[in-house]
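Protein chains: 2
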Amino acid sequence: MLVKDNLTRKERIELKATELFREKGYAATSMRDLAAKLGMEAGSIYSHVRSKEEILQKICFRMANEFSEKLTEVENSNLSPIGKLKRIIIEHTKVITKDISASAVFWNEWKHLSKPFIDDFQLMKNTYEEKFIDIIDQSVKSKDFKKTDNKFTAMLILSALNGIHQWYKPEGPMNPEEVGEQLAELLIGGIKKKLKHNNSKH
Amino acid sequence: MLVKDNLTRKERIELKATELFREKGYAATSMRDLAAKLGMEAGSIYSHVRSKEEILQKICFRMANEFSEKLTEVENSNLSPIGKLKRIIIEHTKVITKDISASAVFWNEWKHLSKPFIDDFQLMKNTYEEKFIDIIDQSVKSKDFKKTDNKFTAMLILSALNGIHQWYKPEGPMNPEEVGEQLAELLIGGIKKKLKHNNSKH
DNA sequence: CCTACCGATCGGTAGG
DNA sequence: CCTACCGATCGGTAGG
Numbered sequence: 172m173l174v175k176d177n178l179t180r181k182e183r184i185e186l187k188a189t190e191l192f193r194e195k196g197y198a199a200t201s202m203r204d205l206a207a208k209l210g211m212e213a214g215s216i217y218s219h220v221r222s223k224e225e226i227l228q229k230i231c232f233r234m235a236n237e238f239s240e241k242l243t244e245v246e247n248s249n250l251s252p253i254g255k256l257k258r259i260i261i262e263h264t265k266v267i268t269k270d271i272s273a274s275a276v277f278w279n280e281w282k283h284l285s286k287p288f289i290d291d292f293q294l295m296k297n298t299y300e301e302k303f304i305d306i307i308d309q310s311v312k313s314k315d316f317k318k319t320d321n322k323f324t325a326m327l328i329l330s331a332l333n334g335i336h337q338w339y340k341p342e343g344p345m346n347p348e349e350v351g352e353q354l355a356e357l358l359i360g361g362i363k364k365k366l367k368h369n370n371s372k373h
Numbered sequence: 172m173l174v175k176d177n178l179t180r181k182e183r184i185e186l187k188a189t190e191l192f193r194e195k196g197y198a199a200t201s202m203r204d205l206a207a208k209l210g211m212e213a214g215s216i217y218s219h220v221r222s223k224e225e226i227l228q229k230i231c232f233r234m235a236n237e238f239s240e241k242l243t244e245v246e247n248s249n250l251s252p253i254g255k256l257k258r259i260i261i262e263h264t265k266v267i268t269k270d271i272s273a274s275a276v277f278w279n280e281w282k283h284l285s286k287p288f289i290d291d292f293q294l295m296k297n298t299y300e301e302k303f304i305d306i307i308d309q310s311v312k313s314k315d316f317k318k319t320d321n322k323f324t325a326m327l328i329l330s331a332l333n334g335i336h337q338w339y340k341p342e343g344p345m346n347p348e349e350v351g352e353q354l355a356e357l358l359i360g361g362i363k364k365k366l367k368h369n370n371s372k373h
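Protein chains in written order, with this note's numbering: chain A, 172 to 373; chain B, 172 to 373.
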């Protein structure tokens, strides 16, 4: 994280919890682990936070909201279908790279949410995927894309995007926008060189 | 799983543990949860298994071995570089789809391995990734692929492959070989239709 | 394979 | 923010 100053106590707790949840997983992270990282006792955390799960909820729903806001923006733009897909890949990449730890927790630990929350979360996740598939559908209808199983294609792209947190290093040569552009280029155009006269078979 | 008969007690324990580790995560699965699924008491499991972690170790290293065996086979084949990449995508897909639960555990829970084992595991994982990058390198040198950051490309492909367990349904219309071929086609060739005269820019 | 149990650790609270 | 503590649950064992 770039700025560790100017954080409220509550924000510092959430920041350190995010890092621990990512490293050890939610279930294997104890409030005593978290307290040690913060230089305090476990009981003291509860002055700022209602429960361990409350922290997880904030992380998961903050990320879910960021993803769906960006998707809505792109949907409402007047880009071409293929332009929308490229744009959403870039925006999704930027959200992930902005906070890799929170993205990893969002992606790997949401299953530990309890009953009313996990249903809300899955609903948001499903809605996001459906809208994503819809953008692929539009691209196929506008003849930009090969005709394939569009859900299959959507899941392929989402898997590639949601794996970013496992290898992206902020110190690397590419900034988030560039990473997103490169991903969009490879996913949409493929990694194979295009030849002058080819037919897309084999 | 297709065949649940003819399993030793130990195999039944590992099978149910794999499913639970996938659903709830390793840390959140108790030996009492597992015992309940098996219709026995927690203490009884220890007649067949040394520890909870031993089960995780078997799952993780079995999958790791399957992946690296397939990779070695493909490396030693006399396929072209691009043929090798296509083949390894298909073989990787087949290993994952053959046991989705074990794949999910392999991918999400290895961080709970303890000290000597986690180092061995990470070594195998790194070796696999390096060999994968090497196949991309060869394809670029043989002029089949666009010149890009090859590690970047490798991680994109591996992310896409390792996301399969999150959406693949064995009841679906495509069998594993077909899923692998479709993935290879989309990753290598891209999702965009190829036009007669294009230059790969924009 | 079960009963009965161990010490350790968990999330969380009361009272200051 | 700490001390001192609660009941619950954990992985694992002994003895049958």
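There's no promise every hint is true.
Copies of the same chain look alike in the list, so a pair counts if it works inside one copy or between any two.
Heads up, simulated BS3-like pairs for lysine-lysine below, C-alpha to C-alpha not over 27 Å straight-line [claimed, not checked]: (1) Lys314 - Lys364; (2) Lys340 - Lys318; (3) Lys314 - Lys286; (4) Lys302 - Lys187; (5) Lys312 - Lys286; (6) Lys322 - Lys302; (7) Lys363 - Lys282; (8) Lys241 - Lys363; (9) Lys241 - Lys229.
Derived by calculation from the structure, the hints in this document are not laboratory data.
Query - Hints not upheld, ascending by number - result: 3, 4, 5 and 7
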